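Trainee: Single-letter residue listing:
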Amino acid sequence: MKPQVKVLIIAAAVVLMAGSLVAETLQQFDSVQGRSFHADLYADNACDSCHVNAEPEAYPPDFVCLDCHDSDELVQATARPEEDKWQNPHNNMHYAKDVPCMECHGEHSERKVLCAGCHFFDYPNFKK
Amino acid sequence: MGNDKEYQADRRKFLVSMGLAGAATIAAPALKTMAADSSTVWAEEHEIVIIGSGFSGLAAAIEAKKLGAKDVVVYDKMPYFGGNSTYNGGLFAVPNSPLQKEKGIKDSPEIMAADQLKAGRGVADKELLLHVAEHAGEALQMSLDAGSEYFPYLQQLGGHSVPRTYQTTVASGGGIIRPLVEQCRKIGVKLVTRAKFDTLIFDDDGKVIGAKMLMGHYFGRDQEGTPMNIKTKRGILVATGGFARNINLRQAQDPTLTEEVTSTNPPSATGEALLEMFKIGAIPVHMAYIQTGPWASPDEDGFGYVSNYSIYNFAHSISIYIKTGKRFMNEIADRKTRADAQLSCRDDNGDPLPPITITSYIHAKEHPTMKKVLKYGVGWKFETIEEVAARFNVPLEPLKAQIKEYNGYVKSGVDEQFGKPMEKAKGKFIEAPFVVVRNWPKVHYCQGGVKIDVQARVINSADWKPIPGLYAAGEVTGGVHGVSRLGSCSIPDCMVMGMTAARTIMKS
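Going line by line, the protein sequences match chains A and B. Its first residue numbered 1, the first sequence is counted upward by one per residue in the working numbering. Its first residue numbered 1001, the second sequence is counted upward by one per residue in the working numbering.
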């Protein structure tokens, strides 16, 4: 019972391009915090969209986000200039494309990017 | 990613939260060294089991497949591959390399081992060093076959008597790890993340026949994972790296390495597989020899950019003690010599006063990391020496006199202050404009670990014989490098000993 997430992504992208999206996308849905761009998931109580085959207490599978988000598109969307090409978080110097999404992205809580452990990279579109 | 303290706190939380049901499984430590019996349930069986996906583990997997292994699995406790191997400068020392031949540089495994023995201060393992040096070219070739790219020139790192160091064009171990991971996928090596090694499993004859793994491990996030017994036909290679980020363990060896001393390693370098091997009888060697990198910077976390920048530039730069405006070390001495000298740079209260390293802009810009250093504000460009002195509060006249004196050594080829080898500084005078970074040592490498023989077999303290079925390679092993490991000598060590382990396992 997956909602039409693709539509949502496009909507979010449009908002993003319009520059009207504020940095804060974490909001309260009833009892749980979540991302505003995933509002439909919360409206439908669709925990199992990410927490596949498990109660929501368990972490979702590592690359479940890619069921809706296209990996190659993500790589393209975050491409850096040639001299910094390996700073692309979705295809990076140390791990290529092998970093699970939630090592940097928190659906229910703030996270910081993995590379911030050593580097001062600026990812202006990253939503904590 | 959590830091060590969070990790340890999380683990305690986990133990507490396990409650009664969990207590039964947690009671296992009394039986940590497990002997298999008829009740042992095996979740999976693999021909070769490799723990750790750094240089050693991946090289072993590729070599084993090459030698005909059908079923090789590599486990990593982290959610991605490479461990500390993907967090470094990608510097690779090889004697008698193609580039040395091209440039007419005379070298040999014996000369390289002699340089390493000198830095090892008499306690390095000559047999292992020679073995690694003799096979380093094969390891380089393995990385090239997988698609690694290297700069077309060699560097001469601290303590090396000749230029013999390759560096990946991305100036990171990632330039080797990524291709090796891809190669593993291509040839059918099974790669599994979030799989944390827990204990070894033995048969009645004391042979290692499997391992208990914790699957679905979430490092630093309160989830140890589900226990699963993995059986192996040929053996287990432990290639889990060092323990630079286990503050309790490293401080127990060297009390000066408090939590104030940071590390270039990822938070996962915590050494629990090493401790498990000690528990079952492996011999600890040189655990207190923990290396700090003298090229690191207090202005960024981890390995960062300054490390690579300094490694390349030290040969034609001067390091200056802020208080005196004078040099205080041979900028390309071995790592321990330099780190000790830097740690003695203090202010009047005894607090750290990180020294500055000054390089002529025209020489610094030869290496791609300079751009990053300037871009991310961890190094700075100055048009005049007066600006440098003002910015870092260095007495100007002594600094000017020091530069003049040093430039005399560049001209004469003899460093009368600290005996620095000046070949690589030839013609490279310290002249404006300048690039300046600050340096302060960070924990970088653990020379200590388990004792292995030259076939990568783990030696048993009970009978001084190899523990059947158990192999180790890379930083988790001890004694190879002695007191101080020379830069760019870990990658050949890790890869060659991984390949060696695969060769031994396939003969067994």
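One thing to keep in mind: the hints can contain errors.
DEER-style ranges, computed between Cβ atoms [claimed, not checked]:
1) Ala1043(B) with Asp67(A): 25 to 31 Å
2) Asp1340(B) with Lys112(A): 43 to 49 Å
3) Arg80(A) with Phe1429(B): 33 to 39 Å
If the Cβ cut is set under 10 Å, some of the chain A residues that face chain B in the computed set are [unchecked claim]:
4) Tyr59
5) Val64
6) Cys65
7) Glu83
8) His90
9) Tyr95
10) Ala96
11) Pro100
12) Met102
13) Leu114
Note that these hints are calculated values from the structure, not bench results. No experiment lies behind these values; they were computed from the predicted model shown. Every residue gets a Cβ at the ideal spot worked out from N, C-alpha and C, and that includes glycine.
Trainee: All hints are to be evaluated individually against the structure, with a verdict given for each.
Mentor: Verification of the supplied hints:
1. Between Ala1043(B) and Asp67(A) the Cβ separation comes to about 27 Å, which falls inside the hinted range of 25 to 31 Å.
2. Take Asp1340(B) and Lys112(A): their Cβ atoms lie about 35 Å apart, and the range 43 to 49 Å is violated.
3. One distance hint, 33 to 39 Å for the beta-carbon pair Arg80(A) and Phe1429(B), holds here, with the actual separation near 36 Å.
4. For Tyr59(A), the interface hint holds, the least distance from its beta-carbon to any beta-carbon of chain B being 6 Å, beneath 10 Å.
5. Here the hint on Val64(A) is broken, as its CB sits about 13 Å from the closest CB of chain B, past 10 Å.
6. Interface hint status for Cys65(A): violated, as the beta-carbon distance to the closest one in chain B is roughly 13 Å, over 10 Å.
7. With a least beta-carbon distance of about 7 Å to chain B, the hint placing Glu83(A) at the interface is held under the 10 Å criterion.
8. Among the interface hints, the one on His90(A) is violated; its C-beta lies about 13 Å from the nearest C-beta in chain B, farther than the 10 Å criterion.
9. Against a cut-off of 10 Å between C-beta atoms, the interface hint on Tyr95(A) holds, since the closest Cβ of chain B lies about 4 Å away.
10. Evaluation of the Ala96(A) hint against chain B yields a held restraint, the C-beta minimum of about 5 Å falling below 10 Å.
11. Because the closest C-beta pair between Pro100(A) and chain B is about 5 Å apart, less than 10 Å, the hint holds.
12. Because the closest C-beta pair between Met102(A) and chain B is about 9 Å apart, less than 10 Å, the hint holds.
13. A hinted interface residue such as Leu114(A) counts as satisfied when its beta carbon comes closer than 10 Å to some beta carbon of chain B; here the least separation is about 6 Å, so the hint holds.
In terms of the numbered hints stated before, the structure departs from hints 2, 5, 6, 8, listed from lowest to highest.
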